[in-house]
Amino acid sequence: MQEVSRLEIDGSLRRYIPAIMALGGGFVMLFLRFQFGERFISDTALMMLALAAYILAALFQLTNLYAPSEMAQKIGLWGASLGVFFNFSSWLVRWVGAYEHELEQLVQSGNAAKPWMFRYIPFANLYDLSLAFAFGAGITTLLLAARKDFRFLTAFTLPLAALILTLARFIGGEHSNLMPILDSYWRPIHVGVASLSYGVALVCFAVAVIYLLKDKVKVEAMAVWAAIFAFSVIATISKFSVFTEFVYRSGLFLPNPMGGKNFSAPFRLAIPYVGETLVITGILLVGSIVAFLFYVYKENVKAQKFGHIFLRASFATLLLSIVFLVVGIRSTADVQTRLNDQLAASPEQFIDAGKDIAAKQRLSVQDFEAITPAQFEQAGKQYLQANGERLFLSFGTNPVELSGLITALAGLGFVILFSFRTDKIRERLPSLESLDNLMYKTACLAFAGLAMLLITGAIWANESWGRPWGFDSKETGALVAWLTYAAFLHTRISRGWSGRSSAYFAIVGFLLVIFTYLGVSYLLPGLHSYA
Amino acid sequence: MSSEAQLSSADDSIVSSPFDGERVKSAPLLNRLIDFVSSVRFGVVLLCILVILSIIGMLVIQQNVEGFEAFYASLTPAERIVGSYLGVFDIYHSFYYNGLLLILSLNIILASIDHFPNAWKYISKPKLDASRKWLLGQKENAVIEAPDSSTADIPNRIAEIFKKNGLRAAISEKKGKTFVFGESGRWNRLGAYIVHVFLLILFLGHFVALQTGFDADVQFVPGETTNQIEMIAFKLDQKEKFAVGLPFSITSTDIQQKLIDPKGSIEINNTMDWSTSLTIDDPEYGKTDAVVSLNNPFQYRGYRFFQASAITYGSARNMTLELTPQGGGEPITLGLARNGETTLPDGTKVAYDEFFPDFVLNNGKADSRSGEYNNPVVKLNLSKPDGEKSVAYAFAMKLPDSAPVGAPVAGYRWRLAEFEKSPFAHVLSIKYDPYNAAFIAWYVGGIGLMGALVFVFFVSHRRVWALVEENGEIVVGGITNRNHQGFKDKFAKLISDLRKI
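Line by line, the protein sequences give chains H and F.
Throughout the first sequence, residue numbering follows this note's numbering, covering 1 to 531 in sequence.
Throughout the second sequence, residue numbering follows this note's numbering, covering 1001 to 1501 in sequence.
These aren't lab readings, by the way, just hints derived from the structure by calculation.
Virtual Cβ for every residue (Gly too), placed ideally from N, Cα, C.
Hints may contain errors.
[Unchecked claim] Some chain F residues near chain H, calculated using beta-carbon distances under 7 Å:
id	residue
1	1040
2	1041
3	1044
4	1047
5	1051
6	1072
7	1073
8	1237
9	1271
[Unchecked claim] Derived SDA-like pairs (lysine to any residue); straight-line CA-CA distance at most 20 Å:
id	chain 1	residue 1	chain 2	residue 2
10	F	1263	H	110
11	H	360	F	1070
12	F	1384	F	1407
13	F	1263	H	179
14	F	1488	H	149
15	H	474	F	1067
16	H	360	F	1064
17	H	114	F	1269
18	H	218	H	305
19	F	1239	H	365
20	F	1258	H	106
21	H	474	F	1064
22	H	239	F	1067
23	H	474	F	1056
24	F	1263	H	105
25	H	261	F	1260
26	F	1263	H	111
27	F	1239	H	359
28	F	1263	H	101
29	H	148	F	1484
30	H	355	F	1065
31	F	1258	H	101
32	F	1488	H	150
33	F	1235	H	362
So here's chain H without its partners, still in its complex pose (with noise of 0.2 Å):
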């Protein structure tokens, strides 16, 4: 056994050749896009490229968990470093495109400037974080798995890098004009820190579901929160109007005619067939959860076999809805007569946008309060008057609800693939105590990490703003994620708890860096509005 740490440490820096040449590689990327200039593949190819590679790579992962293959496993490791390859290339490469796209917009302008090069670093918006975020999670993982033990993250880990990036291919990487108070140093070290430490987390996250999983927690227990996560966002998405309307409507944007971001219009429109297939999908979930929970709280056999019936049918009835709202999105073109139909045939949309038109002018509550619903009306339809014409959908209208379906479908698929041969896999993952410790040491670095968000976000924005804490949503949204850290943390010295309790706690703290990452940014008012 000795002699086989030995060995293990002569090969130390071997076995860290897989990050190194990703890392390495995207360098010489960089130097390539210099030389070729925008003939050289696009940041947004390079992404595709790497949201393949890591698919690829967890499949071989899974492969090698349930039919241990070497060879798979090789593959597995090669193409996680592939992944990271491209993922960091897309993000270098990314820089230089940002950079060109306002120098020609100030050599056309004729505007002498030269802004320093550290302005376009990618940490500008949304997209720029996800492309990061996936790094942080792809270079942890691969790191990680620079021992052979911890080679079935990849498996795990590399899935939710790809939803990140899809999710990031959703949000769209159109360069956009920086924000000026985003021109500061501080960037690139707040948001490089961010990026980092949400990817430790996600690793985390998957540690825990891991552990969990290893200590035998039964799959219909995991199949029932799974399904209560779909349930959740099939309830929530298109403001509330799946289970209480039938139908799903997709936002709408407005174009903006200086270019950049495009606008959200206050009216969103119904894409056929989504809402009644999300509608099948939610009663096969609260089918799949009641028979589930008859299954683990009365072993009743007879209630698993329907529950997984249920869940398998779900699966397919989401991926069915996704595939509606796809292809409703791209191929709807005449989307101010859908619009005019579906206004004519309920009216009250007009209020609703009316009020968001409202929202948005800052008034007093008293001049709000103020305003009939009549008035409402006709600021709606002044609206609609002006820019029906030039209203159009797009995936970029709702990216987080594209995701959280994506994400809520790709859930339910785990689940279902932990079902057949659960045994084989658990065999084939490391000790619980090895899981805890790699959970531990994973939840340390990202605490450590997001206190390093927190205190450079803080001084910055003492830089910027005059304060250096102000509970802004983000800011408090990542104090939220960080408490939950620090109290995994203690709970482990108080109560002692390790293994399960500690692997609720650190999903807990992942769910809660995920809404920081995209629910503050969507949902919430707040000054980071940018990201």
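Let chain H serve as the given structure and place chain F on it in line with the hints.
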């Protein structure tokens, strides 16, 4: 007490207080209360409550956040009363949120005091020996057979190998047995306390800054002077503004908006930076010039000035005027700054008066329809050497010769050839922090906290004992408080070196 028992008790850097484990019911009530307040378990409960309250504050729009007005207007009177009573519209300033932070701080102090002595023992009284049984009970252990050579020098040779492997070595003897103890990173045992000290500095500094200072805004129109700033207090749907006097006066000498496309709009997405030039006139310290721009604040006597926003009503900073002599001849080009003055070759003084971005005549008076640059015009005051005064309007657009507003004045037709776009005014945020408490909190407390966390999580306290038996056999056991995997590798390397002894 046997060395084995001593070692096992010392291995926990933080020994649970009675409330972290079983309650001591016979203890006096006050002691039990102090034990409770100083327990880590209570701290965890406080953290969980803090998380819940913070989430409520995120989900319920707070009164100082954009969108509160629409949200508040949508509530029923009953919801407003309940929400106001519970303080959920301003939860982060509520008495219970602040009280919670205070109790948490107290818990951190008491828990640290409670647990510190045990951690200090690792520094002051390191365990130098360990029994064979205990060593073999450790996860990382090995027995090395007696070397063929003489055993007399073995402890020194072990100590050398320990040192080579980054361990501080100490040789001791007990009950006729020789022990070599090696350790690294022992100060890491105090890492958690250092973290808590910096955290308290951060809390305290921030609290002092909030209690002794204030935030205010001030609008700067170039050329204007003020010695007052405006504080805004939020009270649900009411915003109260207070004027606060300054011990000095401030004059805005210039404002500049650096645009990406100088011909484009002055909206935020075409902006690279805003900067405001100020002159402070202080009866006590005289005059001081300063420039404030984004991410580049200026500090003066406890006041920090930050570039906050701009009033995006079109104005002009520098203008180029084209003057065509009435009697014919080559046009004259003239540069003029906002609020500036220049002189023509014939001695006529030209002074900037006002800029109209969207010029219109309103009841015969010059006015602007909007803040957009639809019809830019600069109004100029002219003063001839003989004292005759007149007013000229220089239009950017070309006017027909017959237009009355375009008629020659002071012997010239006036045209606004070019101008540098600028907002009408800048708004600066002013933070008054007389003790620099925010700076101390975030730079000392915050950066210290980051360093301490790195120290806690990236350094581990590694301890290795080697027991040299009488027959020369070496029993080695090791333990670490963090990074077990890394320690496993280091231990394997150490054993590999010891085998060569």
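Hint check, residue 1044 (chain F) versus chain H [nearest Cβ-Cβ separation less than 7 Å]: Constraint on residue 1044 (chain F) satisfied, holds at 5 Å.
Hinted pair residue 360 (chain H) and residue 1064 (chain F), Cα distance within 20 Å: Cα-Cα ~15 Å, so holds.
Straight-line alpha-carbon gap residue 1263 (chain F) to residue 110 (chain H), limit 20 Å: holds, 9 Å
Agreement of residue 1263 (chain F) and residue 101 (chain H) with the hint, judged by alpha carbon distance not exceeding 20 Å: holds, 18 Å
Pair hint outcome, residue 1263 (chain F) versus residue 179 (chain H) [Cα-Cα no greater than 20 Å]: holds, 18 Å
Hinted pair residue 1235 (chain F) and residue 362 (chain H), Cα distance within 20 Å: holds, 16 Å
Hinted contact residue 1072 (chain F) with chain H - closest CB pair below 7 Å: holds, 5 Å
Residue 360 (chain H) paired with residue 1070 (chain F) [C-alpha distance capped at 20 Å]: It holds: about 9 Å lies between the C-alpha atoms, which stays within 20 Å.
Minimum beta-carbon distance criterion (7 Å), residue 1047 (chain F) to chain H: OK, holds: residue 1047 (chain F) within 7 Å of chain H, min 4 Å.
Given hint residue 1073 (chain F) near chain H, where the shortest CB pair must fall under 7 Å: This interface hint holds because 4 Å falls under the 7 Å limit.
Proposed proximity, residue 101 (chain H) with residue 1258 (chain F) (alpha carbon, max 20 Å): Holds: residue 1258 (chain F) and residue 101 (chain H) sit about 18 Å apart, inside 20 Å.
Pairwise hint evaluation, residue 1056 (chain F) against residue 474 (chain H), where the allowed Cα distance is 20 Å at most: holds, 14 Å
In the structure shown, no violation is registered for any of the earlier numbered hints.
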